[in-house]
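Here the sequence shown is numbered in our numbering, starting from 1 and rising by one per residue.
Incorrect hints may have been included.
Pairwise CB distance ranges (calculated) [unchecked claim]:
#, residue 1, residue 2, range
1, 48, 10, 26 to 32 Å
2, 15, 77, 30 to 36 Å
3, 83, 8, 24 to 30 Å
4, 72, 49, 30 to 36 Å
5, 15, 84, 17 to 23 Å
6, 22, 79, 18 to 24 Å
7, 49, 86, 18 to 24 Å
8, 58, 82, 17 to 23 Å
What the hints contain is simulated information worked out from the structure, not anything from laboratory work. Glycine included, every Cβ here is placed at the ideal spot set by N, Cα and C.
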Amino acid sequence: MRLYAVFAGTVQGVGFRHFVKTKAKEFGIKGYVRNMPDGTVEVVAEGDEEVLRKFFEAIENGPPLAEVTDIRYQFEDKEGGFTDFEILY
Numbered sequence: 001m002r003l004y005a006v007f008a009g010t011v012q013g014v015g016f017r018h019f020v021k022t023k024a025k026e027f028g029i030k031g032y033v034r035n036m037p038d039g040t041v042e043v044v045a046e047g048d049e050e051v052l053r054k055f056f057e058a059i060e061n062g063p064p065l066a067e068v069t070d071i072r073y074q075f076e077d078k079e080g081g082f083t084d085f086e087i088l089y
């Protein structure tokens, strides 16, 4: 199962990517997180559906300095074969 999410608001320059990577490691999630040119943060995460939903709940508000104003997300029934969770630059 895959979670695709885009977080908007004050989500760049506040440790959001590191926060998401730390949570992904805690949940055993594979995929990536990256800053997008429009100021949003994109998360692609793969794993068991129940674990992915808990992971999403853990990251939906971001770290303390973040202010998430909008999240576009969907769960998809596919996987891309990620071997780890990483921050893309």
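Comparing the hints with the structure gives:
no., hint, verdict
1, 48 to 10: 26 to 32 Å, "holds, 31 Å"
2, 15 to 77: 30 to 36 Å, "holds, 31 Å"
3, 83 to 8: 24 to 30 Å, "holds, 29 Å"
4, 72 to 49: 30 to 36 Å, "violated, 19 Å"
5, 15 to 84: 17 to 23 Å, "holds, 20 Å"
6, 22 to 79: 18 to 24 Å, "holds, 22 Å"
7, 49 to 86: 18 to 24 Å, "holds, 22 Å"
8, 58 to 82: 17 to 23 Å, "holds, 18 Å"
Going through the hint list in order, the structure does not satisfy hint 4, though it satisfies all others.
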